[in-house]
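Trainee: The primary structure of each chain is shown beneath.
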Amino acid sequence: MMDIATFKNDVWGREVLLGVSWDLLWVILIAAFLFVAVHALYMAARKKDRSPSADGPRVSRHSGVDRIFHWVMAGSVFVLLITGIFPIIGIEFNWLTIHWIAGIVLTVVILFHIVRALFWKQLKSMWFSGRDLKEPFDSSIKPGKYSVAQKAMHLGVTVLTLAVIASGLVLFAMIDTPWWDRTNALEESTLGWMFFLHGLSTLLLVGMICLHIYFGVRPEKLFYLRSMIKGWVSKDELEANHDASRWSPDESG
Amino acid sequence: MASFDVMPDMQLYQPAELDDALELADRHGKQGWLLGGGQDTYGWLKDRAKNPQAMIDLNGIEALKGVRETGDGVEIGAATTLRDIIRNPLLNDQFSLLTAAAGRVASPQIRNVGTLGGNLVQDTRCWYYRRGLSCYRAGGNLCYADSPQGMNREHSLFEASRCVAVSPSDTATAMVALDATMVIQSVNGERTVSAAKFFVGPATHITQMTSLETGEILTAIRLPKKWAGKHFYFEKVADRDVWDFALVSIAVAMDLSDGAIQDSRFVCGGVAAVPYRLRGVENAARGKSLGPDSGDTLAALATKGAEPLNYNHFKMPLMENLVRRAMRG
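Heads up: the sequence lines are chains A and B, in that order. Just so we're aligned, residue 0 is where the first sequence starts under numbering that gives the first Met the number 0, counting upward by one. Just so we're aligned, residue 0 is where the second sequence starts under numbering that gives the first Met the number 0, counting upward by one.
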């Protein structure tokens with residue numbers, strides 16, 4: 000049976016946690032692939048809804064600042080995944096410096112986003128309401144700015160990103176940087192927990208990112224990707240997918 | 000840690016042809032162990048710190064032995080013993096840097112059976128790692144030698160990345176100084192790689208000392224004519240004069256013209272996970288003559304960028320003095 004964690008003997012011969020079992024990477028990738036395949040087949044077999052037009056009046060969905068945040072975060076996450084996972088699966092290169100620099104970029108943009116979301120954005124638009132829970136089961140209920148699936152994705156990415164950043168910052172203190180010398184002073188068991196948390200949250204993020212990309216490029220969701228690039232959706236797309244009474248965007252987009 | 004007088008149970012293969020050895024190496028993959036002179040191997044196996052299932056003894060393959068003159072220099076079979084290298088007239092005449100380095104490996108008994116290939120690809124001697132602890136190099140997430148309590152007198156000054164182990168090979172420094180080319184074969188064919196790229200540091204390959212991949216065999220080492228018969232210097236400093244690993248060693252190849260250095264390669268052993276080139280010294284040496292003044296100038300550059308650990312600061316003056324001594328002429 001596959002393990003979630005790996006263990007080792009410490010210098011005194013006691014068993015301590017080493018980190019996550021990276022065999023889980025293949026489990027997550029296969030599970031994500033199966034989900035995507037089944038969902039794609041289901042959607043192909045389903046009766047097609049009317050495709051809203053991208054023409055006509057436009058409304059703003061994502062401001063320029065939000066789009067820059069999204070793509071900087073996406074870029075840093077991809078660099079972190081490549082530099083973190085490739086050496087583990089046998090593609091070795093000098094990864095550590097690139098990894099922690101990308102980690103700092105991610106941390107800074109996440110802090111920026113948290114502050115901005117708390118004080119300058121409508122935090123409520125990303126939070127769950129009782130009505131959201133009925134949304135998947137009642138096609139007459141349309142979401143506000145974000146669907147329940149988008150909110151769930153955001154919540155999952157938030158929790159996992161904060162976990163990977165928190166554990167990453169502890170591990171960051173264990174290596175040489177321009178600002179401090181490595182100390183290697185952490186207890187082996189504590190270090191093991193940090194590696195476990197870092198690895199597990201990374202693996203779960205891989206799964207979530209697979210789904211995020213899949214839904215981002217699905218034909219009926221492609222206008223969301225466009226809005227994350229260009230900032231706007233058409234009024235027809237808004238009315239077909241959202242409840243205008245719960246989301247009233249600027250029509251200046 | 001338990002140590003055993005007997006070898007662990009494993010399958011022994013003694014191929015007589017290189018193709019058979021390559022096929023065996025490919026078939027057994029990570030569970031296979033290539034055996035040269037066995038001077039690195041037997042410690043691992045008796046301590047049960049490594050537990051391969053198959054041993055592929057390369058000593059019966061004649062194609063891996065001997066020193067051959069080629070159009071562009073010399074080719075040495077990887078299974079050639081260090082004793083044969085030390086006694087080879089061609090190498091003594093043209094590449095005495097290598098024979099000097101080989102002559103300082105361990106003891107006469109070990110040189111009688113130890114091979115050049117084995118000396119080059121041997122694993123690090125970090126005692127935490129050799130003890131079988133799950134350190135970074137063994138796939139763990141901690142360097143015991145680099146912890147506040149760690150004993151790191153023998154460890155690295157340069158280019159540590161999590162792991163602070165050093166290359167223990169005496170001949171590796173000479174190979175880098177002589178700009179050797181390593182010939183590597185596998186069932187997929189042959190590839191060559193410069194000595195400088197053959198040895199790899201922890202930033203890239205934390206669990207390996209060389210770029211040899213599973214299933215590959217180092218079959219030969221080629222020394223280019225460029226450095227044949229040039230001015231060489233090798234010196235090794237160790238706690239004991241016999242049967243000990245270098246605290247610091249230096250291998251230097253210089254191309255002198257009218258007493259001035261036209262080109263040079265200064266390589267130190269025992270200070271990094273790879274043979275460490277002193278590029279600052281090499282650049283500053285161009286145009287200089289041998290002598291104490293040049294030695295003092297260059298010595299000051301030898302340890303630039305060094306990051307000593309808790310117990311190995313003493314390696315820095317050792318390095319500087321070895322550069323000084325190499326420049327005495």
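No lab work stands behind these hints, which were simulated from the structure alone. Computed from a predicted model, the values in this text were never measured in an experiment. A few of these clues could be false.
Unchecked claim - Under the rule of at most 25 Å between Cα atoms (straight-line distance), these lysine-lysine pairs were calculated in the DSS-like manner: (1) 287(B) <-> 225(B); (2) 7(A) <-> 64(B); (3) 49(B) <-> 7(A); (4) 150(A) <-> 133(A); (5) 7(A) <-> 46(A); (6) 224(B) <-> 64(B); (7) 229(A) <-> 46(A); (8) 196(B) <-> 224(B); (9) 7(A) <-> 45(B).
Trainee: It remains to establish, for every hint, whether it holds in the given structure.
Mentor: Going down the list of hints, with the structure as the test:
1. 287(B) <-> 225(B): Cα-Cα ~20 Å, so holds.
2. 7(A) <-> 64(B): Status violated; Cα separation ~41 Å.
3. 49(B) <-> 7(A): holds (15 Å)
4. 150(A) <-> 133(A): holds (14 Å)
5. 7(A) <-> 46(A): This hinted pair is violated, its Cα atoms lying about 54 Å apart.
6. 224(B) <-> 64(B): holds (20 Å)
7. 229(A) <-> 46(A): Status violated; Cα separation ~29 Å.
8. 196(B) <-> 224(B): With a Cα-Cα distance of about 19 Å, the restraint between residue 196(B) and residue 224(B) holds, given a limit of 25 Å.
9. 7(A) <-> 45(B): holds (21 Å)
Against the hints set out earlier in the document, violations occur for numbers 2, 5, 7.
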